[in-house]
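In order, the protein sequence lines correspond to chains A, B and C. Taking my numbering, the leading residue of the first sequence gets 1, the next gets one more, and so forth. Taking my numbering, the leading residue of the second sequence gets 1, the next gets one more, and so forth. Taking my numbering, the leading residue of the third sequence gets 1, the next gets one more, and so forth.
Worth flagging that the hints you see were computed from the coordinates, not collected in a lab. Heads up, the beta-carbon is just placed ideally off N, CA and C, and yes, glycines get one too. Mixed in with the good hints there might be a few duds.
[Stated by the list, open to error] One side of the interface only, derived from the structure: several residues of chain C facing chain B at Cβ under 8 Å: (1) Phe47; (2) Ser67; (3) Leu69; (4) Asp71; (5) Asp282; (6) Ala286.
[Stated by the list, open to error] Here are a few chain C residues that sit away from chain A, every Cβ distance over 12 Å (derived from the structure): (7) Ser103; (8) Asp107; (9) Gly120; (10) Leu153; (11) Ser157; (12) Pro273.
One-letter residues, chain by chain:
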Amino acid sequence: MSKATQSGLHLPPTHALAADDALRAAVHQAVADVRARTPLAQSFTNFVTINLVANAQLASGGTAAMSYLPDDVIDIAAMCGATYINVGTLLPFYKDALGEITSALHDAGHRWVLDPVAAGLGATRTAILTAMRDVPPTVVRANASEVIALDALWGLSDGEASPKGPAGVESTDDVDTALMAAVRVARHLRAADRDGLGAVAVSGETDLVTDGERVFRLPGGDATMTKITGAGCALGGVTATYLCVAEPLVAALAASLLFNRAGERAARESHGPGSFQTEFLDALWAIDADTVSTSTVLEVSR
Amino acid sequence: MSKATQSGLHLPPTHALAADDALRAAVHQAVADVRARTPLAQSFTNFVTINLVANAQLASGGTAAMSYLPDDVIDIAAMCGATYINVGTLLPFYKDALGEITSALHDAGHRWVLDPVAAGLGATRTAILTAMRDVPPTVVRANASEVIALDALWGLSDGEASPKGPAGVESTDDVDTALMAAVRVARHLRAADRDGLGAVAVSGETDLVTDGERVFRLPGGDATMTKITGAGCALGGVTATYLCVAEPLVAALAASLLFNRAGERAARESHGPGSFQTEFLDALWAIDADTVSTSTVLEVSR
Amino acid sequence: MSKATQSGLHLPPTHALAADDALRAAVHQAVADVRARTPLAQSFTNFVTINLVANAQLASGGTAAMSYLPDDVIDIAAMCGATYINVGTLLPFYKDALGEITSALHDAGHRWVLDPVAAGLGATRTAILTAMRDVPPTVVRANASEVIALDALWGLSDGEASPKGPAGVESTDDVDTALMAAVRVARHLRAADRDGLGAVAVSGETDLVTDGERVFRLPGGDATMTKITGAGCALGGVTATYLCVAEPLVAALAASLLFNRAGERAARESHGPGSFQTEFLDALWAIDADTVSTSTVLEVSR
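Let's have the full structure, built from the sequences with the hints guiding it.
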């Protein structure tokens, strides 16, 4: 009995993404471009995993800068390709600061990735995330529970999804239960984007990536990624790194595929969560554009 | 000449904890239950070692969430088994936030572990720790100097202890000099607890754990644990993880024993503080309930 | 065509520092004294690399304490040998806090190291760094762009340097382009110091260290040091550790030489940025005073 059946969902049929699909070439180009250009993506992120986010961005070929003051973030946005914003470990001043920052990024047409950590928990976080509805990110990277919660906070839901609600920072929902919420959030992002672009990446046992039209399931990765803190945050940061050189759907696919391949390699080389983290950064560094772009990708058939 | 003699203390006689003491079975159960249930323990902790705390909780079998806003911490407390609070790297708003949080935890009967980092230093920290006297934690995990300072701040001391005072975050006192202070603090915790439970763990060359009645000395561990930052904080965090499934004395014993065994194993596998930290997380993951529960434990004879 | 020629600078001729130069003996003594005395150097530093700063200080033989509240920092300054202040990841209250702290350190004649991360970016950072002009540090540790920016912020420049301006936290300038700025900043530090001492260390492909009179170029290190976050911050922290036992020029030289030797060793032992960081901490621990003090040092001829 599959997980999808267990959760009462009937999974839609999928087919393998063709070897010559233009998306694969675009993913290859994104991975290669980051290695060639070392783009700067800045972050406003939580204190738990901030070091891993920066190191993952460096290991993937980019550079990193982390800031919290609007004057810093807005100054740096003018000189970098994309920004990563993660709402973990909130401080009191973030509510005003993130309002100012997201408005400025929106006005500038600057691309950014949102990681709505623990969406649905805490009055301050709820206020922050709700306010982002009208100045939304270019990409959302989250677990299933967070995507479902964001969909509800933004009033996009039409009652299809049945979230169990958040459980701290861990997802209590299967990725597939967030499929329709992810599609709705992606369409909302695209409607607000000046170029009509946007994507949502849902991390889980099998990742899901969508631009609101096409939906992809990315098998692989390794369960040890849930035994270190920050694999998801680092994925959000590296998605911003790719967003410096590629369109949102391509950036989201490239980052998730790179992370799955790196997780598999690290699992083979390690013997516990400590050595896994070390090997994971080495793997991000070592894995090449060919390996990423030829990964198995399943597209949900329409 | 022993350290105890040097410091002018006569160490009380001890005897080995019997193989069939009920505490050993309870420690075994705690270690196994955490592996089976992956309980969530949240943390309000310092920025230096926050990543290691989370990773140690994950490697020990639990899950982690870190927050600073009262609305976050109080929301999460309602859905998790225990909370870890560490007063390192204070920010200005912590004084009010920690007052609100500790009162709410007390009113809810929620179990929590206090790590009174650098107790005795700084007017803000002194105010924060003093205010905790009336809404105290379930477990205190600290070094000898910090336990002695907390005993004094809370007015529990009757002049027996002779603290040298704090020296930053490093202890300047032997664990055994804190014996009476630890007993007094533990009794204070139990008097304030609705179930009459509480424990104090003093970390050092030989750890000391007490519930205010029984006193245990835990030999072992490795000196390299003092050459990485955060072994003590991580121990506090994992004590909270065990506190989700076990009573305070058992949780304190289980966490300290797991850390000593992991430290010994990591020392054998590593060749410096960098590889020690990696191997330490791997060892937390690998060491089983039998190894922890059959450790040498010396009980102070009464 | 050399980099210096490319940037339009004519590099001054250098000669090797003699094996019996008194500086080498002083560097040897500093490294040995830190191992023997485990001095405490405290830090007020950014959240990205705070863990690596502390672990690098411990691996180099010292101890660490991190704080942000003036009452904490000023209390600890009274009991430690030196302080490290890094202006990355600013929070709103830092402007007032750092003003209070740097004035107190200046009044007490307490030695401290400034890491002017991203100098020139952000109105708050500019205000903080400008205010330090009159209560300056004992040592500045920075990349070339930051030294050039600090020289300009403090009004020391006479138009010789041609900074390209900051690019986030990465230097866009060669170390040698900062030579005259570094000399001017070092002279400013010395003029403000009650003992007339001070030094500037510029990190890059070839490090540059000066006390405003003598100028040294330190070849070596490894490019992987730029593929992990925080090698520069950790160098600033360890410079403060050495400043507990040695004069500013000696501390700056010893720390930079130790880091270059450790970087070379870590590069040989690792196969990516993850394992590099692990091996780097092991190397800081393993490298001895002889290796550091007999390093190649090139002195700019006068």
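We went through each hint and held it up to the structure:
no. : hint   : verdict
1   : Phe47  : 5 Å, holds
2   : Ser67  : 6 Å, holds
3   : Leu69  : 5 Å, holds
4   : Asp71  : 5 Å, holds
5   : Asp282 : 3 Å, holds
6   : Ala286 : 6 Å, holds
7   : Ser103 : 22 Å, holds
8   : Asp107 : 28 Å, holds
9   : Gly120 : 9 Å, violated
10  : Leu153 : 15 Å, holds
11  : Ser157 : 21 Å, holds
12  : Pro273 : 5 Å, violated
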